[in-house]
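For this one, chain A is given, so just place chain B on it according to the hints.
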Amino acid sequence: MAAAADVRDMLDLPAESQPRPHKKQKVVEKRPEGITRELYALLGERAPPIAINENKYKGRPKLLNKLRVRQWRMSPFANGARSDGLVLNHWQRKHEGARQPAPEGTQMDVDVDGTKEEGKEDTKPLEQEYTFAKYNVKAQLPRRYTDDEYSRHLRNNEWTREETDYLMDLVAEYDLRWVLIADRYEYQPRMDSEPEGNAIVPAKTVRTMEHMKARYYFIAATMLAIEHPPSEMSEAEFEWHEKMLKFDPNRERDRKELAALQLNRTADEVREEAMLLEELKRITSNEQSFISERRELYSRLEVPVSVGNTAMYQSSQGLSQLLQTLLQADKSKKRRSILGPDGAVASPAAGQTPTQAGGPVSRGDTPSANAAASATNNNNKKGPAVPPTLPVVRQLTAAEESRYGIQHHERVTAGVQFRSDRAQKLTQAKSNVQTQKLAGALAELEIPVRLFMPTERVCKDFEKLIQSVNVLLEARKVSEKVESEIRVLEASRAERERKAREAAGETTAADPENPEVKTEAEDGTGVLGSTAEAAGSGGEKGEGGDGENAEEAAKDDGNHKRSASVLSAVSDKSNKRQRR
Amino acid sequence: MNPSNPPQAAEYGGDEVSAIVLDPGYSTTRAGFAGEDAPKSVIPTYYGKYNYEGKERLVFGDNMFVQPRAGISVHNPIGKDGIVEDWDMAEKVWEYSFASRLTATKPDNPFHNGLNDISSEELPAEMEVETDEKPLADTPLLMSEPGWNPAKAREKTIEIAMEKWGTPAFYLARNGVLAAFASGKASALVIDIGASNISVTPVHDGMILKRGVQHSPLGGDYISSQIRALFKKNSPQPITITPHYLISSKTAVEAGQPPQANYRTFPADRAPDASYRALQEERTLAEFKECVVQTWPGPNKLSGPGPRESQTKNSLAARRAVFGVDRFRVVESLFDVKAAIPDPDSPVPAPTQAQTLPEVIKASLAGVDVDIRPHLLSNVVVTGASSLVYGFTERLNQELMTLFPGPRVRVSAPGNTSERRFGSWIGGSILASLGTFHQMWISKKEYEEHGANIVEKRCK
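Those sequence lines, one after another, are chains A and B. FYI, the UniProt record's numbering numbers position 71 of the first sequence as 71, with every residue one higher than the one before it. FYI, the UniProt record's numbering numbers position 331 of the second sequence as 331, with every residue one higher than the one before it.
It is worth saying that the hints were derived from the structure and are not from the lab. We put the beta carbon where it would ideally sit given N, CA and C, even for glycine. Do not take every clue at face value.
[Claimed, not checked] Distance windows between CB atoms, simulated: (1) A:260 with B:67: 51 to 61 Å; (2) B:291 with A:267: 51 to 61 Å; (3) B:348 with A:149: 55 to 65 Å; (4) A:272 with B:366: 51 to 61 Å.
Chain A extracted, bound-state conformation (with noise of 0.2 Å):
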């Protein structure tokens, strides 16, 4: 910026004051464009407000100034559609193949006539097809009728000939458009035609749109009808026929007087529609969630369609059969509700399927396929004949099953335990006494309180016989109870008839207490009796049953367990009763 530097000194202007920051020097690089260097440095740091480059004219592209100019001509043209003839100026561009353009004077005639004096020149342009010309379209109407078909046809007692001519006149002039016929229509009868008619019948009805509408597009369909009849007509006219036919202008007039109202209602109607439309969309929406969550609850409930056939639960065999798989589906379903919803949603069909038709499918499910599981490992040797697949499993019956010790389980626990251990705990009753009672009994027996060979079948008996021994006890308990009942009330009952007998010579008044004892007594008895009778039964009854599940068990069990067990429950009750 030394030419800076010399202005300031010619012009005695102080120097810079301070030194110019350094990054402006990197911007004023950019010098515009129009403007010589040297110029540009005098200018200084400062650029002037205003714009120092002129605008020039950049002029065309260089590619184009290699290409002709393209003239533009004002040139006449004929309108295709018109039938006049009419000649109108334009600007169009000149054609490469025309020759020298007309003097100006010429070009600007308007030729009214078509009649062209300046020769070839101007008769090219005005042979082109006009390029608006085309937009020139009509309406399709039907053919005019003849005055033959008039009379045979269309012949209508409110329609003259000549406002049905006037009609179509109007329909094809304004191109069906029937707002604007009917706002045209203006039909006035001829009064020297008919000078007697018109004096009681003037055209004086006001048309209505209906009306000419009807009008028309009777005739209209006539007129097709009679171009072709209905066997010929295409699909489209049939169609197009059979509405004009159907036209109904009274129907017609009814919608546009409810469009009316509809038009003309108050600020208040147009409220209340609002809000009710919001409602309604409200409702619907509403309907639309309950029926989604219908839906979803339904595809849970969803009820498979059972696809076998039943003859396979005919035998007893498939009865059987079926009561395993419902029991198990039951199992499962149980289980099911335990693991909690998730578990039942992530398997829904299969969940539900054995519950309710126990099919061929249920089979599938996870219980069946852990017996099959465990049929292979109980069995090693049948193991590869007994593929786990899910037709072999079917057909295991209950003998195989119980050959093949396949069990199933009320409620497999977690973890692993031993069979013995649980028939030991058997033998541990909640009180010690009980529990020496027990082992006293099995002592008797000659039965080790540890089973040295604890299969299933020996582990069921033990159980059993606990059991029995168990029932034994008490009943045991329960007949000690009652004989010493019935001794106190022996005793009681000496002792009353032996009161009774010394105040045989006294007064015949009775104890206030001894009715009731006595009744209490005779309660006692009724009901000793009744279940005594009711031990016998019971106890035939068992005997049929269960005689070779004592084997192991006393001999003497068959009738007294039974019986011990009913006298146990009715004892129980006369207890309650003496309670009371």
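Same frame as chain A, but now just chain B:
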């Protein structure tokens, strides 16, 4: 886009034939070339008449306002209802509107320019024919007319255009249709607030529905009369309107103070006619309308709460006055006849309820088929210079909503001032430059064949 390429013809469907569009109104006459966005020539339809050296002279256009000539009187060839009354003068005014600006000034006849003066007896006879060249000999002419123009007036119009002006092609379009076209609608309810009339024209598919055309005299001039009535009632003393040409100098004064100005006075023999003063006052009132007058926005009645914010105005004869709620009152009677400011002296009769805008619109809609009413209501086009009163369209929208709460009401009014003022001219400009329109012209040949009656058949 390369500017050297012309737009594709199909892009806008335009095809210029350098037609002239003439849109005569009661207050102004607009003329211009088709295809332009505003009329090149806007002149007052009023003309001045005065005597000079014993001969009656006419003065057209804005020239009238330049000098208050002695005894100049102002006339309007068009009647209060928008129909031409004085055909001779209408023709002259219209011709002036395009001949003064649009049609090229032809070089003078060489025989008349003084350079080739020869004695009159030598003048060849056939040359005489050439001299009476028609002003529109090579330009098609599109004219507009109000929707209630009678058939006779239409025939007279085409007669003038064909015989006097010699146009090769002519068309007469309704200004309602043109205003609808200007807003790009083929079907619309056009509300035109002009100077002498407000008119409501239902347009369907580019044609008016005659039974729905309604007009009432509550236009811009009516608003002026209301302002005059307001001024007359002003307290403590009535406001007089002094037009500009009567003020030679003035100094600004505070609002409410008496004006300080030097007035020009004319001796009785040199003074212009009262009608001239009325027209000049009208111009002052136009300024007042532009600056002060406002439409009450509603929805409550105007006769409700107290004065709003005030505005001042100082061009009333160097007067400055404060106008409060009154500036709403002058327009209010367009909507509510009870709000009219009574003025028994005014030549303008008091409005009736049926003349108010809502009633006119209602009557217009009652005249059209019920099926298209909702469509029309959703295409309401507002045009006319008097609709530029501040807040007018909002109020109109409000009124329509109360009238028709059910259907959707949509008022479309161009925000651009010139588009609103020249709405129908712009529509004519669009129409006359469409390629598809050129088949609609009534050519000279057709006119000669069928006579003036053809305008009824063709310009439906």
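Going down the list of hints, with the structure as the test:
1. Checking the proposed 51 to 61 Å range against residue 260 of chain A and residue 67 of chain B shows it holds: the Cβ atoms sit about 59 Å from each other.
2. One distance hint, 51 to 61 Å for the beta-carbon pair residue 291 of chain B and residue 267 of chain A, is violated here, with the actual separation near 36 Å.
3. Residue 348 of chain B and residue 149 of chain A have their C-beta atoms about 60 Å apart, which keeps the hinted 55 to 65 Å range intact.
4. At roughly 25 Å, the beta carbons of residue 272 of chain A and residue 366 of chain B sit outside the given window of 51 to 61 Å.
Hints 2, 4 from the earlier list are contradicted by this structure; the remaining hints agree with it.
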